[in-house]
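Mind docking chain P on chain A? Use the hints.
Here is how the chains run, residue by residue.
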Amino acid sequence: MDAAFLTGQLFNGFSVASLYILAAMGLALSFGLMRVINMAHGEILMLGSYLAYVAMQIVPGPMGLLAAMVFAFVGAGLMGALLEVGLISRLTARPLDTLLATWGVSLILQQGARDLFGATGVSVTAPAWLDGGLTFGGLQLPATRLFILLLAALVLAGMAAILRFTRIGLLVRAVNQDRPTAAAMGVNVRAVDCFVFSLGAAVAGLGGVVLSLLGPVTPNVGQSYIVTAFLVVILGGLGSLQGTAIAALMIGLFMALAQIFVDVSFAQVLSLLFVIVFLQFRPQGVIAVRSRALDSE
Amino acid sequence: MLRTTSKPALPAKLLGALAALLLACVAPWLLSPYDLNLLARFLALSLTAMGLVLLWGEGGVLSLGQGVFFGIGGYALAMHLKLADLGPTELPDFMVWSGVTALPWWWAIFKSPVVAVAAVFIVAPIVAALFAWAIFRRRIGGVYFALITQALALAFATLLVSQQGKTGGFNGLTDYHTLFGFNLNRPATVLGLYYLTVLFVAAGAGGLLWLLGGRFGKMLRASRDGSNRLRFLGYDPAPYKVLAFTVAALLTSVSGALFTLHAGVVSPALVGVVPSIEMVIWVAIGGRESVAGAIIGALLVNFAKDKISTALPELWLYGLGLLFILVVTVLPRGIAGLFAEIAERRAEARKPASSSSQKETGQ
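Line order of the protein sequences matches chains A and P.
Numbering-wise (the working numbering), the first sequence opens with residue 1 and increments by one.
Numbering-wise (the working numbering), the second sequence opens with residue 1001 and increments by one.
Source of the hints: derived by calculation from the structure; they are not laboratory data.
Heads up, a few of these hints could be off.
[Stated by the list, open to error] Short, incomplete list of chain P residues facing chain A, as computed with Cβ under 8 Å:
hint : residue
1    : 1138
2    : 1139
3    : 1148
4    : 1155
5    : 1162
6    : 1273
7    : 1277
8    : 1284
9    : 1318
10   : 1321
11   : 1325
12   : 1329
13   : 1330
[Claimed, not checked] Pair by pair, the computed Cβ-Cβ distance ranges are:
hint : chain 1 : residue 1 : chain 2 : residue 2 : range
14   : P       : 1115      : A       : 280       : 30 to 40 Å
15   : P       : 1215      : A       : 161       : 53 to 63 Å
16   : P       : 1126      : A       : 280       : 13 to 23 Å
17   : A       : 92        : P       : 1102      : 34 to 44 Å
18   : A       : 178       : P       : 1231      : 15 to 25 Å
19   : A       : 167       : P       : 1215      : 26 to 36 Å
20   : P       : 1108      : A       : 85        : 55 to 65 Å
21   : P       : 1235      : A       : 2         : 52 to 62 Å
22   : A       : 154       : P       : 1207      : 54 to 64 Å
23   : A       : 2         : P       : 1098      : 43 to 53 Å
Heads up, the beta-carbon is just placed ideally off N, CA and C, and yes, glycines get one too.
Pulled out of the complex, with its shape left as it was, chain A reads as follows (with noise of 0.2 Å):
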């Protein structure tokens, strides 16, 4: 094997990453505020690609993408808006009923966009700015990977910016350390899961543009990574950034090793084997936010 080759898979299995990060963050964040799961989140990115596509025929040109962006990042965060004050908080501390209700807002959404759009699917077209790569000796980095990698870390960067200086993040921070507590003290946990829900969906919809510039946008585009997303928010612990950062490194990374020796869905059994091996040893997974409450199941 020569070296070439594992660094052009170890490049995959970090572009691979930071997809993950993209989709799984918001998923994550919620998760650790309000324990709830939401099973529309693969649609919300799926969302977001549709709107990506959409932005890209009003907008033609360069600066597509960036409308594109905008579009999809209000549009999802809207949407997620929606789902939270429409279906989540009426199901609170009912984990895994929300699980089953948000998979019914999946389904209808799923049939929603084969009906505006077609089965098929709608293909973007990326900017001519993403269409070269950088190349290293006899190893090819495509640009549009490179984009992906940038924006994952641009926005990790930007949630623990707005999580660590600003005051609706010490909010945040209030409402995931103690929540009776941050209520009695007077913060609208109400409002805090409402902005925690929003923002992370539409952290999702910028997921989705990623999505729609590496192939076809169809109805399932979604579902193809949001089971993975799922291991990656177990693996990562409760809530935590780093974590779940950690974890969508891990997975990628995994994934992407696992296939030099075997094919995509051996790949994806090893991974699964991974993960549950992996609870073996730290079944609160990477990061552990530490609590003296019992029953935090």
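Frame of chain A; chain P shown alone:
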């Protein structure tokens, strides 16, 4: 939520069960062959639903990967059915198409029908027990468990699709004719298999009620409602959950095998992420804490799916999505819960002076 079953309703329930059994026995004379085949398929599916009642309703453990065990049962039997039609040196058609030249050993052993039937009953429970032990040992539960089982279903279905030459790939295993020397297309065999299914469903329901009525059921419900309290009392909840998952896998595997016989096909489309979660909706609609509800839910949803999806395929997916949302928000105890509520109200109306609400709320 500690709920005790009301004692005086028992004779009524027994009568209802007998009436349902009688109806199932005379159904071959009431239904067209097409509808009878559907009924047989859906009765087979109700065994899967019963497994989920045990696991999710009573144990509080939601599995989104029951399709895996359904598939193990279905494929185990289908592998034999595929080989039963062949001469000693022939290979199944899909293997020939994919250029496989020799039968793998783990296919060859399925030449014997006894091995196949034994595999239906043994393989899924063993896989389930190992998996559940690894997970519950480390106290992983709730949403985590649901998502890991979903990943399991995805991995299983992808594996089946990708190994075209060994599993029949996307099309699965189909087109088979004989089991234990019986021609599967003869009306008498079809009728016999229908009664076999009824027998399995009745035995499954009876066995499950017996299991849930005893000490095991009590411990399982306790682990659902307060696993920490259970630990403080000196019990480990994990073995009860592992056993529940194993028994559910057994029921689901049998269900898959029977379904394969009636439908004449088993394929990855029946075992992946989407079918696995559809299994949950049968139980959610029927009533997650009721064995009778599971049977009703499996029959109702699948007949509705058959009728609606042939007429208006788009509408079915919207309808299914709405069903998920509505049943969870409006009717969390399902149809069986609706009936239980009516019965409770009647009982309360009869004796208004007694202590009416002493429900302890857990969680």
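Now for the hints, and whether the structure bears them out:
no. : hint                        : result
1   : 1138                        : holds (4 Å)
2   : 1139                        : holds (6 Å)
3   : 1148                        : holds (7 Å)
4   : 1155                        : holds (4 Å)
5   : 1162                        : holds (4 Å)
6   : 1273                        : holds (7 Å)
7   : 1277                        : holds (6 Å)
8   : 1284                        : holds (6 Å)
9   : 1318                        : holds (6 Å)
10  : 1321                        : holds (4 Å)
11  : 1325                        : holds (4 Å)
12  : 1329                        : holds (6 Å)
13  : 1330                        : violated (11 Å)
14  : P:1115 to A:280: 30 to 40 Å : holds (33 Å)
15  : P:1215 to A:161: 53 to 63 Å : holds (56 Å)
16  : P:1126 to A:280: 13 to 23 Å : holds (19 Å)
17  : A:92 to P:1102: 34 to 44 Å  : violated (58 Å)
18  : A:178 to P:1231: 15 to 25 Å : holds (24 Å)
19  : A:167 to P:1215: 26 to 36 Å : violated (55 Å)
20  : P:1108 to A:85: 55 to 65 Å  : holds (59 Å)
21  : P:1235 to A:2: 52 to 62 Å   : holds (57 Å)
22  : A:154 to P:1207: 54 to 64 Å : holds (58 Å)
23  : A:2 to P:1098: 43 to 53 Å   : violated (32 Å)
In terms of the numbered hints stated before, the structure departs from hints 13, 17, 19 and 23, listed from lowest to highest.
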